[in-house]
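Enquirer: Throw the hints in and build the complete structure from the sequences for me.
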Amino acid sequence: MLLGAKMAENETTSCFSYKVEMVVQILAKDEKTARDLLDKSGGYVSSRTVNLMDSVSLYTEAVEENN
Numbered sequence: 290m291l292l293g294a295k296m297a298e299n300e301t302t303s304c305f306s307y308k309v310e311m312v313v314q315i316l317a318k319d320e321k322t323a324r325d326l327l328d329k330s331g332g333y334v335s336s337r338t339v340n341l342m343d344s345v346s347l348y349t350e351a352v353e354e355n356n
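Just so we're aligned: 302 in our numbering is position 13 of the sequence shown, and the numbers increase by one with no gaps anywhere.
Simulated from the structure, these hints should not be mistaken for lab results. There may be inaccurate statements among the hints.
Claimed, not checked - In silico SDA-like links for lysine to any residue, alpha-carbon gap of 25 Å or less: (1) K321 with G331; (2) K329 with I315; (3) K318 with L341.
Stated by the list, open to error - Pair by pair, the computed Cβ-Cβ distance ranges are: (4) T349 with V309: 20 to 30 Å; (5) K308 with S346: 39 to 49 Å; (6) S344 with T322: 37 to 47 Å; (7) K321 with E300: 40 to 50 Å.
Yeah, the Cβ is synthetic: ideal placement off N, Cα and C, and Gly gets one too.
Expert: Quick look at the structure:
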């Protein structure tokens, strides 16, 4: 599961695909330092546009419990 999400057994789930465009600002002494900071810890998101591209239901196999 991505990003540490935990799913209960037999829980119905879907996969969502997004297109995300961002403008990120970083305070640094030069472009190399800014790039390193961006890769390491990100920066301040000053603008973000999110568009849902697709959604697909995923198959979850039922598990029988034996008592």
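Enquirer: Take the hints in turn and mark each one as holding or not.
Expert: Okay, the hints, checked on the actual structure:
| no. | hint | verdict |
| --- | --- | --- |
| 1 | K321 with G331 | holds, 14 Å |
| 2 | K329 with I315 | holds, 12 Å |
| 3 | K318 with L341 | violated, 36 Å |
| 4 | T349 with V309: 20 to 30 Å | holds, 27 Å |
| 5 | K308 with S346: 39 to 49 Å | violated, 20 Å |
| 6 | S344 with T322: 37 to 47 Å | holds, 39 Å |
| 7 | K321 with E300: 40 to 50 Å | holds, 45 Å |
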